[in-house]
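2 protein chains.
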Amino acid sequence: MKKIGVIFSLGLSVLLLAACGKIGDSTSTGNNVAKNSSSGYQTTGQNSDSEYEGVIKNGKYLTSKARGVGVAQNSDNILNLKSFEAGLTQLSKDQFPTDSYVFREGQLLTSATVEKWLDRKSKDNPDGLNPIDNGQKDANKRNPMYVQQLEEQDYMKQKDGKLTLSGITVGIGMNTKDYYEKEKYGATFTTNISKEKMVQEGQAAAAKVLSRLRNTEGVPNNVPILIGMYQQSSNDSLVGGSFYSYTVSKSGNTISSWNDVNVKSYVFPSTSTASVPNDNDETSFESFKKQVQNFFPNLAGVTAQGQYENKSLKGLHVNITTQFYSETEITSFTQFIAQTAKTYLPNGIPIDITVKGSDGTVQSFLAKKAKESSYYTHVFSSY
Amino acid sequence: MKKIGVIFSLGLSVLLLAACGKIGDSTSTGNNVAKNSSSGYQTTGQNSDSEYEGVIKNGKYLTSKARGVGVAQNSDNILNLKSFEAGLTQLSKDQFPTDSYVFREGQLLTSATVEKWLDRKSKDNPDGLNPIDNGQKDANKRNPMYVQQLEEQDYMKQKDGKLTLSGITVGIGMNTKDYYEKEKYGATFTTNISKEKMVQEGQAAAAKVLSRLRNTEGVPNNVPILIGMYQQSSNDSLVGGSFYSYTVSKSGNTISSWNDVNVKSYVFPSTSTASVPNDNDETSFESFKKQVQNFFPNLAGVTAQGQYENKSLKGLHVNITTQFYSETEITSFTQFIAQTAKTYLPNGIPIDITVKGSDGTVQSFLAKKAKESSYYTHVFSSY
Numbered sequence: 008m009k010k011i012g013v014i015f016s017l018g019l020s021v022l023l024l025a026a027c028g029k030i031g032d033s034t035s036t037g038n039n040v041a042k043n044s045s046s047g048y049q050t051t052g053q054n055s056d057s058e059y060e061g062v063i064k065n066g067k068y069l070t071s072k073a074r075g076v077g078v079a080q081n082s083d084n085i086l087n088l089k090s091f092e093a094g095l096t097q098l099s100k101d102q103f104p105t106d107s108y109v110f111r112e113g114q115l116l117t118s119a120t121v122e123k124w125l126d127r128k129s130k131d132n133p134d135g136l137n138p139i140d141n142g143q144k145d146a147n148k149r150n151p152m153y154v155q156q157l158e159e160q161d162y163m164k165q166k167d168g169k170l171t172l173s174g175i176t177v178g179i180g181m182n183t184k185d186y187y188e189k190e191k192y193g194a195t196f197t198t199n200i201s202k203e204k205m206v207q208e209g210q211a212a213a214a215k216v217l218s219r220l221r222n223t224e225g226v227p228n229n230v231p232i233l234i235g236m237y238q239q240s241s242n243d244s245l246v247g248g249s250f251y252s253y254t255v256s257k258s259g260n261t262i263s264s265w266n267d268v269n270v271k272s273y274v275f276p277s278t279s280t281a282s283v284p285n286d287n288d289e290t291s292f293e294s295f296k297k298q299v300q301n302f303f304p305n306l307a308g309v310t311a312q313g314q315y316e317n318k319s320l321k322g323l324h325v326n327i328t329t330q331f332y333s334e335t336e337i338t339s340f341t342q343f344i345a346q347t348a349k350t351y352l353p354n355g356i357p358i359d360i361t362v363k364g365s366d367g368t369v370q371s372f373l374a375k376k377a378k379e380s381s382y383y384t385h386v387f388s389s390y
Numbered sequence: 008m009k010k011i012g013v014i015f016s017l018g019l020s021v022l023l024l025a026a027c028g029k030i031g032d033s034t035s036t037g038n039n040v041a042k043n044s045s046s047g048y049q050t051t052g053q054n055s056d057s058e059y060e061g062v063i064k065n066g067k068y069l070t071s072k073a074r075g076v077g078v079a080q081n082s083d084n085i086l087n088l089k090s091f092e093a094g095l096t097q098l099s100k101d102q103f104p105t106d107s108y109v110f111r112e113g114q115l116l117t118s119a120t121v122e123k124w125l126d127r128k129s130k131d132n133p134d135g136l137n138p139i140d141n142g143q144k145d146a147n148k149r150n151p152m153y154v155q156q157l158e159e160q161d162y163m164k165q166k167d168g169k170l171t172l173s174g175i176t177v178g179i180g181m182n183t184k185d186y187y188e189k190e191k192y193g194a195t196f197t198t199n200i201s202k203e204k205m206v207q208e209g210q211a212a213a214a215k216v217l218s219r220l221r222n223t224e225g226v227p228n229n230v231p232i233l234i235g236m237y238q239q240s241s242n243d244s245l246v247g248g249s250f251y252s253y254t255v256s257k258s259g260n261t262i263s264s265w266n267d268v269n270v271k272s273y274v275f276p277s278t279s280t281a282s283v284p285n286d287n288d289e290t291s292f293e294s295f296k297k298q299v300q301n302f303f304p305n306l307a308g309v310t311a312q313g314q315y316e317n318k319s320l321k322g323l324h325v326n327i328t329t330q331f332y333s334e335t336e337i338t339s340f341t342q343f344i345a346q347t348a349k350t351y352l353p354n355g356i357p358i359d360i361t362v363k364g365s366d367g368t369v370q371s372f373l374a375k376k377a378k379e380s381s382y383y384t385h386v387f388s389s390y
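Protein chains in written order, with the numbering used here: chain A, 8 to 390; chain B, 8 to 390.
Think of the hints as simulated: they come from the structure by calculation, not from any bench.
It is possible that part of the hints are untrue.
To be verified - PhoX-like mimics (lysine-lysine), calculated; alpha carbons at most 25 Å apart, straight line:
#, chain 1, residue 1, chain 2, residue 2
1, B, 89, B, 202
2, A, 67, B, 349
3, B, 64, A, 349
4, B, 202, B, 64
5, A, 67, B, 89
6, B, 67, A, 297
7, B, 169, B, 67
8, B, 166, A, 376
9, B, 89, A, 363
10, B, 67, A, 363
11, B, 166, B, 72
12, A, 144, A, 204
13, A, 378, A, 349
14, A, 191, A, 130
15, A, 376, B, 64
16, A, 72, B, 363
17, A, 297, B, 166
18, B, 191, A, 363
Keep in mind that this is a model prediction, so the values were computed, not measured.
Model the full structure from these sequences, guided by the hints.
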């Protein structure tokens with residue numbers, strides 16, 4: 008009697024597996040369901056200590072349950088998406104170090120959930136984090152959209168070939184400018200939001216998000232949840248926005264305190280209305296720019312994004328654009344930039360330099376890590 | 008009497024210098040003319056042992072006297088320009104090693120000269136390397152254009168702060184397909200040129216070029232001249248053409264013998280009409296491609312250019328294009344590629360991998376040198 012039961016259940020599981028179509032290589036026939044769900048995983052491998060390994064399931068990257076939501080929200084300034092995600096990962100690294108955690112794209116909040124939360128509150132959408140539409144069209148009378156984007160990241164620990172959810176990070180992007188139209192396809196108007204109001208609305212939204220997350224299936228009460236608050240940059244900005252505060256909830260669903268983040272991005276060269284926090288960096292950049300700009304008879308455009316923590320420069324992304332007339336010009340220019348950057352640009356911070364032709368194609372690339380003094384160089388060639 | 012003479016000549020040289028307008032920083036007033044011409048030089052600095060330093064004169068890169076001629080000639084397939092110039096520099100490295108020679112863009116042949124040489128021979132243009140227009144429009148009756156492009160590179164030796172011309176390289180690009188129109192803005196027709204005819208016409212052109220170069224002012228009779236012969240690829244090719252032979256003239260103006268070059272470029276994956284010389288490489292590439300292609304739910308495009316010497320693969324440029332939905336996807340993908348490339352792609356050759364988004368923007372980049380086993384990786388980020 009017992010024997011027949013075993014044969015029957017084996018037969019059933021083979022049937023079930025066959026019905027699934029493709030079976031992952033690491034899943035051998037006859038495993039029980041519980042084991043399947045934890046063993047079909049691999050990781051991407053870690054090529055750099057400073058990056059997380061990612062999760063691969065049944066041979067494919069485990070993409071976010073809310074994949075693509077961020078792209079749609081940020082169509083006006085894609086820099087906000089890039090800097091938001093890079094900054095969120097950076098914040099997470101302090102809390103969930105890359106040597107002991109594996110990164111998993113958010114699996115708890117679905118596209119539908121995130122879209123509802125980011126929308127206005129209404130009869131049909133009680134979960135909206137943005138205020139109800141009060142019907143007003145005037146910039147100062149309407150209720151603006153405060154919350155612009157939201158992203159979940161999961162941090163896993165590996166043990167006995169299983170991955171366990173061991174940390175969650177949520178980033179919330181807040182507007183200081185809310186762009187809106189009075190009629191469809193009409194002109195764009197702007198409601199300005201004060202920094203104070205933004206912080207206040209952000210804390211209210213974060214409290215709701217934390218409480219909802221704790222009540223989500225699969226989220227243990229004692230998993231640390233990091234919430235990072237991000238201020239979106241305006242649509243005409245040449246750098247993305249920045250994180251201004253964060254909180255870590257060890258357990259439970261209330262937020263006890265917030266920590267300030269003093270990281271902000273700036274554009275080089277600085278202008279009369281937007282100057283970088285440290286004059287010395289501007290002088291260094293200007294000297295570098297002058298050398299590089301005049302290398303060819305035709306001018307080269309030289310700009311940069313710099314990230315500051317208080318008054319201290321933490322990193323530079325330099326962009327150089329010029330017209331090239333030959334491969335040899337690209338090679339010579341790249342070697343010259345490597346020397347010039349070493350001489351003029353600040354030491355002790357990570358710097359990368361991208362060199363583009365006048366058609367926007369990347370022609371060469373230079374980079375150094377914080378502790379390196381010389382630049383890695385690469386010229387994009389063709390056979 | 009003698010003293011007055013010295014004062015007079017000093018006064019004259021100051022006048023002459025002032026008339027030149029801008030005077031280079033390194034040129035102090037009162038130097039004689041001969042010294043001027045050799046001292047206003049700097050070099051770009053050398054960031055990689057395998058690249059030449061380039062020449063900077065009065066703070067600016069010394070661009071080719073025929074700058075831009077190559078770009079105009081290659082408008083149909085820009086890959087021919089890139090691979091022609093990269094290959095020419097590569098040929099030169101064997102003859103004029105990077106540790107003892109400095110690279111100078113061609114200063115002997117001007118745009119006007121090169122344009123005349125590349126044109127047809129005619130009453131107005133006795134120096135044309137291409138045959139006279141016989142008036143025929145039929146593909147097999149007309150005289151095709153055999154010589155498509157021509158480039159000069161100079162190799163200098165540094166001694167006592169002076170640069171001396173110590174080697175010249177000239178590349179000559181030959182057609183196997185000559186594209187022409189029967190009437191302006193009309194359809195494009197093609198005259199096919201046999202390999203034998205191409206080689207024969209190329210040797211005749213090279214003999215004229217050598218003899219003319221030796222008679223050019225500033226070219227000593229005993230400076231080695233390397234002439235490299237390049238076969239242009241067709242307009243629809245996804246790789247550039249290749250060098251098929253070269254000769255080195257130690258002195259004098261006749262060519263004694265030619266050396267074969269067995270380097271050729273191929274596209275991966277191979278097709279039924281164009282397969283790579285070594286099946287194992289194709290298998291490796293296909294395995295790599297399969298792993299990478301299926302990483303995301305959406306497919307990634309994976310292609311490569313490979314360079315072969317006979318049946319031996321000498322290098323790979325891999326191109327991967329896919330749609331990304333977040334920065335974290337780019338980071339995870341890049342780490343995965345680094346591991347997968349290490350596992351599947353051939354060892355012992357230089358490989359670089361460029362990862363682009365669906366809009367064509369470069370998102371990340373991986374590379375290894377021939378002797379390295381791990382890949383250098385870089386994700387293009389934004390603040």
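query = Out of the numbered hints, which ones does the structure contradict?
reply = Checked against the structure, the hints that fail are numbers 4, 5, 8, 15, 17 and 18, while the rest are satisfied.
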